[in-house]
Amino acid sequence: MTDTTANKLQTYVDEAPLVEGDHNFSTITDKICSIVESKPPRGWLIAFLFSFSLLLILQGSIGYLIWEGTGIWGLNNPVGWGFAIVNFVFWVGIGHAGTLISAVLYLFRQKWRTAINRFAEAMTIFAVICALVFPGIHIGRVWVAYFMFPIPNQMGMWPNFRSPLLWDIFAVGTYFAVSLLFWYVGLIPDLATLRDRAKSKVKRLVYGILSMGWRSSHRHWQNYELAYLMLAGLSTPLVLSVHSIVSTDFAVSLLPGWHTTIFPPYFVAGAIFSGFAMVMTLAIPARKIYGLESIITIGHLDKMAKIMLVTGSMVGYAYAMEFFIAWYSGNTYESFAFVNRAVGPYAWAYWIMISCNVIIPQLFWSKTLRTSVPVLFIASIFANIGMWFERFVIVISSLSRDYLPSSWDYYTPSIWDILMLIGSFGLFFTFFLLFLRFLPMIAMFEIKGILPEADPHHEEVH
Amino acid sequence: MTPKLIYGILAEFKDTKSILKAAESVKIEGYINFDCHTPFPVHGLDDAMGLKRSIIGYIVGFGCVMGASGGLLLQWWSSSIEFPIVISGKPFFSWQAYMIITFVLMILGGAFAALIGMFHLNRMPAYHHPLFNSKNFQKATDDAFFVSIEFKDPMFDLDDTKNFLVSIGGKNIEVIEE
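So the sequence lines, in the order shown, correspond to chains V and S. Heads up, the first sequence is in my numbering, so the first residue is 624 and it goes up one at a time. Heads up, the second sequence is in my numbering, so the first residue is 58 and it goes up one at a time.
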């Protein structure tokens, strides 16, 4: 083969570089550590104070809820699951992208994940914390929350393991624990970097304790890498099962609009869609403020937009299929439930959902729009809104119109419902901003591992 | 003054290619108690250093089995023996309904086994280590590659080992004290 054909072939084989610009190992370390080591930009402080005040609103509302009882919510007789459950499902869904990026894309050897996996995982953990707040307070008498767990108690009672609500506790609890382990294991080498660079004694001590005495030994890396692979392998079925199990809360019941077999895959697709939307919403401002455009490149955003297009279309397919099955089943109640969604009292919510989740992602067929940062940012916010409304439509429209017309009622949220929803964003962003401030937001050692010079043979022509 | 104990010798290498070559030479020379320190896992070092595959997979497998069997046992015992109660006419041991929690606890058991197993095999946390006495060693988490040969290695000899590390291209040779 002549040289020119070899070169030509090489251009087909070579991928675009994952890290742009003139980076080497130490510039990566400097770039990412400097975010943690230098004073935060003014924007961070303003955002933190704003989120923290929202968090105080959440705490105040929860305090009032515990004092007064669940009567402060807009719940009524058929609609016993209001905003609390909508918010729970919404936040659990957001949490899915983190583990998907870190585990599933790891198993598929998608090296581009390294730029976004760390803060997507952090986002997962904080989203699951937000999610866990809601069932916790939804039980009303929060001081007996321990009834939900299999703890030996003075009454000699045990929880009902046949109930999907209990499956949910185990699934979401496990998801939280495993995501936390995965995130922490990934952080250890980077915490050691921060330890070695620390100027003050307190920082050296704190990062030192957290990094467990990591000394970059290859004998350690060997166990470390296999443990990480195992965690990825364990998280992959987990991430697919969690939202499936959440969907059984609905699917195992007998309510028209809930009692469908399509729910598990449809919920998982929706969760991935909303999770990637949230990653995008967070990554776009973060890369701008901290000047990380060479690490989180347009190529990364492009790939995420493609995943949103795929999952958004899957969700759209599920919406259509629900309608088809409702008609094809010949079941009057089922058909009514779906016609009612589209033209009934909650039609406004249904059409917000359709426009945000099905129509807007179709913009991403165009390469120009997929690589335009403002379009991506706005579309990702619409996707977040759309996915919240999806859960609203599922929970509220089915409950408010069940079998007996005499028991129908219209649900309107109270001011406390709305404050708690806004407050949960405060909880999420407070945690997220603290994470940006004190922990490396990008997995440094993984980025170093994908630089061309990390390959011992990078000078040789293949 | 009591003489200080020696932990070993540390040598720096400039890139992934040279650390691979160095690790191979150290192995061929016959050293056993040596290690490489790299800011990220360098693929190929396992073979170059002559390491066997990590056994962590078996630990994780054990954790999964413990998690799953413990979970199933808990559900069987609490619903059939300790607190048998008829719910929707289902049998006490409704194994189909119990599979979900069994599965989830299998994952949980495996994940904790991976974490604890990794910490155990690496003897972590280890907050003190002689290598931390070296100022230069701090670069190991940034952009430098090191080889360390321990005093306890049967072939270790202060001058010979030092010369050997220089001969394979090691820079900033440092004797590390305990």
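These are computed hints drawn from the structure, not numbers from a lab. Among the hints, erroneous ones may be present.
Straight-line alpha carbon distances no greater than 25 Å define the calculated SDA-like cross-link-like pairs of lysine to any residue that follow [as the list claims (entries may be wrong)]:
no. : chain 1 : residue 1 : chain 2 : residue 2
1   : V       : K824      : S       : D214
2   : V       : K926      : V       : P640
3   : S       : K192      : V       : I832
4   : S       : K74       : V       : L641
5   : V       : K929      : V       : S958
6   : S       : K192      : V       : G836
7   : V       : K990      : V       : H1080
8   : S       : K74       : V       : K929
9   : S       : K71       : V       : L641
10  : V       : K654      : V       : F671
11  : V       : K826      : S       : N190
12  : S       : K74       : S       : I89
13  : S       : K78       : S       : K61
14  : S       : K228      : V       : L641
15  : V       : K826      : S       : P182
16  : V       : K929      : V       : E848
17  : S       : K228      : V       : K734
18  : V       : K734      : V       : I832
19  : S       : K228      : V       : D1078
20  : S       : K192      : V       : L1057
21  : S       : K147      : V       : I832
22  : S       : K84       : S       : D214
23  : S       : K61       : S       : N190
24  : S       : K228      : S       : W133
25  : S       : K78       : V       : L986
26  : S       : K78       : S       : E207
27  : S       : K74       : V       : I982
28  : S       : K84       : V       : E848
29  : S       : K84       : S       : I173
30  : S       : K71       : V       : F671
For this structure, which hints from the list above don't hold up? 1, 5, 7, 8, 13, 14, 16, 17, 18, 20, 21, 24, 25, 27, 29 and 30
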